[in-house]
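Protein chains in written order, with our numbering: chain H, 1 to 394; chain Y, 1 to 184; chain U, 1 to 94.
Some hints here could point you the wrong way.
Below 30 angstroms or equal to it, Euclidean Cα-Cα: the simulated DSSO-like pairs (lysine-lysine) are [stated by the list, open to error]:
(1) Y/Lys79 <-> Y/Lys27
(2) Y/Lys99 <-> H/Lys3
(3) U/Lys83 <-> U/Lys64
(4) U/Lys6 <-> H/Lys304
(5) Y/Lys149 <-> Y/Lys164
(6) H/Lys234 <-> U/Lys60
(7) H/Lys240 <-> Y/Lys56
(8) H/Lys3 <-> Y/Lys165
(9) Y/Lys56 <-> H/Lys185
(10) H/Lys3 <-> Y/Lys27
(11) H/Lys234 <-> H/Lys198
(12) Y/Lys56 <-> Y/Lys100
(13) H/Lys3 <-> Y/Lys164
(14) H/Lys382 <-> H/Lys345
Treat the hints as calculated values from the structure; they're not laboratory data.
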Amino acid sequence: MVKSVITGNYASSYGAKLARAQVIAAYPITPQTSVVEKIAEFVAEGTMDTQYIKVESEHSAMAACITASQTGARTFTATSAHGLTLMHEMLIWASGARTPVVMTNINRAMAPPWSVWADHLDSVAQRDTGWIQYYCESNQEVLDTIITAYKVSESREIMLPSMLTLDAFYLSHTYETVDIPDQDKVDKFLPPFDPLYKFDVEDPHLFGSLSFPHQFYMEWRYQIALSMERARDKILEIDKEFESMFGRSHGGLLDLYRCDGAEVVLIAAGTMASTIREVVDQLRDEGEKVGLARLRVFRPFPAKEIRELAEKIDVLGVLDRSYSFGYGGAFFAEIGGALYNHPDKPVLKNYVVGIGGRDVTPNTVRGIFENALSLQDRGLDKEIEWIELKEGGE
Amino acid sequence: MIEIRFHGRGGQGAVTAANILAIAAFKEGKDVQAFPYFGVERRGAPVTAFTKIDDKPVRIKSQIYEPDYVVVLDSSLLKAVNVTQGLKNGGTVIINADKKPEDIKGVQGKIATVDATAIAVKHGLGSKEAPIVNTAILGAFAKATDVVKLESIVESIMDSAPAKKKENAEAAKEAYDNTLIGGR
Amino acid sequence: MFKGYKDLPEVPMTWDTTFVNITGSWRTVKPVLDPEKCTKCYICWKFCPEVAIIIDEELKEVPKIDYDHCKGCAICANECPKKAIEMVVESMEE
Numbered sequence: 001m002v003k004s005v006i007t008g009n010y011a012s013s014y015g016a017k018l019a020r021a022q023v024i025a026a027y028p029i030t031p032q033t034s035v036v037e038k039i040a041e042f043v044a045e046g047t048m049d050t051q052y053i054k055v056e057s058e059h060s061a062m063a064a065c066i067t068a069s070q071t072g073a074r075t076f077t078a079t080s081a082h083g084l085t086l087m088h089e090m091l092i093w094a095s096g097a098r099t100p101v102v103m104t105n106i107n108r109a110m111a112p113p114w115s116v117w118a119d120h121l122d123s124v125a126q127r128d129t130g131w132i133q134y135y136c137e138s139n140q141e142v143l144d145t146i147i148t149a150y151k152v153s154e155s156r157e158i159m160l161p162s163m164l165t166l167d168a169f170y171l172s173h174t175y176e177t178v179d180i181p182d183q184d185k186v187d188k189f190l191p192p193f194d195p196l197y198k199f200d201v202e203d204p205h206l207f208g209s210l211s212f213p214h215q216f217y218m219e220w221r222y223q224i225a226l227s228m229e230r231a232r233d234k235i236l237e238i239d240k241e242f243e244s245m246f247g248r249s250h251g252g253l254l255d256l257y258r259c260d261g262a263e264v265v266l267i268a269a270g271t272m273a274s275t276i277r278e279v280v281d282q283l284r285d286e287g288e289k290v291g292l293a294r295l296r297v298f299r300p301f302p303a304k305e306i307r308e309l310a311e312k313i314d315v316l317g318v319l320d321r322s323y324s325f326g327y328g329g330a331f332f333a334e335i336g337g338a339l340y341n342h343p344d345k346p347v348l349k350n351y352v353v354g355i356g357g358r359d360v361t362p363n364t365v366r367g368i369f370e371n372a373l374s375l376q377d378r379g380l381d382k383e384i385e386w387i388e389l390k391e392g393g394e
Numbered sequence: 001m002i003e004i005r006f007h008g009r010g011g012q013g014a015v016t017a018a019n020i021l022a023i024a025a026f027k028e029g030k031d032v033q034a035f036p037y038f039g040v041e042r043r044g045a046p047v048t049a050f051t052k053i054d055d056k057p058v059r060i061k062s063q064i065y066e067p068d069y070v071v072v073l074d075s076s077l078l079k080a081v082n083v084t085q086g087l088k089n090g091g092t093v094i095i096n097a098d099k100k101p102e103d104i105k106g107v108q109g110k111i112a113t114v115d116a117t118a119i120a121v122k123h124g125l126g127s128k129e130a131p132i133v134n135t136a137i138l139g140a141f142a143k144a145t146d147v148v149k150l151e152s153i154v155e156s157i158m159d160s161a162p163a164k165k166k167e168n169a170e171a172a173k174e175a176y177d178n179t180l181i182g183g184r
Numbered sequence: 001m002f003k004g005y006k007d008l009p010e011v012p013m014t015w016d017t018t019f020v021n022i023t024g025s026w027r028t029v030k031p032v033l034d035p036e037k038c039t040k041c042y043i044c045w046k047f048c049p050e051v052a053i054i055i056d057e058e059l060k061e062v063p064k065i066d067y068d069h070c071k072g073c074a075i076c077a078n079e080c081p082k083k084a085i086e087m088v089v090e091s092m093e094e
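Whole structure, please, built from the sequences with the hints as guidance.
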């Protein structure tokens, strides 16, 4: 293991290298470009044995990854925002075809207006595509999660693609301390990709052809639903395995921090969760019973963990770094859905924050906690609130 | 936690300076974070970069608003940018200038100066019009503050400078020896 | 064969290849090759979009038509430089 100081993007590159990705097809986009530049360096210096395919768009990148995966190769790609949304059609294909592609997405705001800063809408908008989704809070987590994501995705009972996301600039371009594990240790943890079925001229099959209304399209789709269900336990199982080998865990599906005895808990994903930890400590020192539940895995949706948490607390504040124009932000709507039939419900409020890269500072978080704490006595004030929104109009 | 803000112009190495400082502190056993002010950069445009240093894990992932120290790689920025915005009381500003601290106009607080441009040019780092002053200014930073030792800065330069490692290390040492500290 | 989701393989695929799909039943006219006129240039084989013309590896025989899969598109008849292929309306009895 090598202790180093690297960016989130380089952590991605090291993750792909250690996982021995065999085929990489990617298209550049800010702020992802250094992921692939670093991989190109590895290939040039001979320390990574991968086939790099230069493609003309992100749509082609995903198409190349899907088919490479179907020949039995371990594939990797990286993108962000407009690149991710350009791939949308292919993302649905990847999960439908049951190809365990692993992708890093850097969460960047969607245009117009033009922005390169952190925002979760790009990946949240892909929640219907059948991909497993991880939201990372540190560069260490990015590196580790690429390795565990392959193991989960390639399991015979899962066979679904995974994306892990990291906030633009806050992780992608920020240098943090990262332990880079040894290759032979990773090889022990992650065996080569061995799919049951693949393109083989000696044993030909028809992949993804016509399926009628009466048989069996609905059943193929149901299989994916079952896989996503199984992924819940699989992620926890692989997480434990990784911890016993490498000494690190990133909290499974819902990463709880000081929720024991908490009355007010905030749910958040990405780097703002890291900032919230600091504020939780400060408030706890001041005697407030608060905690953080970091939403690490959004797909599969951790309904069980959220219900267990909800039973023990009075107020649950859900932070969304995106807005889905539905009933509040996407995380809020789905958490509300999971709790609807649950007998024990806390006060549930949506805080829409950090849109377009607006900085979520310790002060911002403190303000949210203060509001959430006040709801204990007076009940819900406003169900959906946009934080630090500039009003003007005088 | 100690927070340092760097001001430079695109191409002068402000972002690398923040990173080299982070690695130096890391070698002393600290946890660190270093990042540029995220934006679309081009040569000559004002660039801001940050380093956070702490004994415990740095968990706050937001911008720096109240730095403990400010480092200015290009004194022409003093007219264009409010480099001391948010600087904590008693904080030090380290400036690349061919002037004594008392002669720096428009900057309050503790000031340290060094002619990093001359030192950089002397060691063949960049040109007179476009000097690479980042390693020299880090030498000055080590002298003016007790955040990191000069040896750690030199070790960090030897590890991560992409070229002219020895010249960069010499520039840092020379700047360390020639830094003037003063101001109110 | 598959009855429900429990029987389906993990990946949406068929166990067989397209070969089991008898597309020959789709045609209304069928190509008939006259061996007297054929010069074994194999242009018909090159153009057939369906891989429904079979040639032998030694390139000694006239091409044979795979009537299980031929859809009757008539491209082979159109391309044959010797007009050795005739499109014949299939009778109900065949």
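Status of each hint after checking the structure:
At roughly 36 angstroms between alpha-carbon atoms, Y/Lys79 and Y/Lys27 are farther apart than 30 angstroms, so this suggested pair is violated. For a cut-off of 30 angstroms, the pair hint linking Y/Lys99 to H/Lys3 is broken: about 40 angstroms separates their Cα positions. Only pairs whose Cα atoms come within 30 angstroms are accepted, and U/Lys83 paired with U/Lys64 is accepted, the gap being roughly 16 angstroms. Straight-line distance between C-alpha atoms of U/Lys6 and H/Lys304 comes to about 25 angstroms, which keeps the hinted pair within the 30 angstroms bound.
Simply put, Y/Lys149 and Y/Lys164 have alpha-carbon atoms about 21 angstroms apart, close enough for the 30 angstroms limit, and the pair holds. The straight-line distance between the Cα atoms of H/Lys234 and U/Lys60 is roughly 59 angstroms, outside the 30 angstroms bound, and the hint therefore fails. For the hint pairing H/Lys240 with Y/Lys56, the CA-to-CA distance comes to about 25 angstroms; that is within 30 angstroms, so the pair holds. Taking the CA atoms of H/Lys3 and Y/Lys165, the gap is about 22 angstroms. The hint holds against a cut of 30 angstroms.
At most 30 angstroms may separate the alpha-carbon atoms for a hinted pair to count; Y/Lys56 and H/Lys185 meet this at roughly 28 angstroms. Restraint check: the Cα-Cα separation between H/Lys3 and Y/Lys27 comes to about 10 angstroms, which is no more than 30 angstroms; the hinted pair holds. About 23 angstroms separates the Cα atoms of H/Lys234 and H/Lys198, which keeps this hinted pair within 30 angstroms; it holds. As the CA atoms of Y/Lys56 and Y/Lys100 are separated by approximately 37 angstroms, the hinted pair breaks the 30 angstroms bound.
For the hint pairing H/Lys3 with Y/Lys164, the CA-to-CA distance comes to about 24 angstroms; that is within 30 angstroms, so the pair holds. Of the supplied pair hints, the one linking H/Lys382 and H/Lys345 holds, its CA atoms being roughly 17 angstroms apart against a limit of 30 angstroms.
In the structure shown, a violation is registered for the earlier hints numbered 1, 2, 6, 12, in ascending order.
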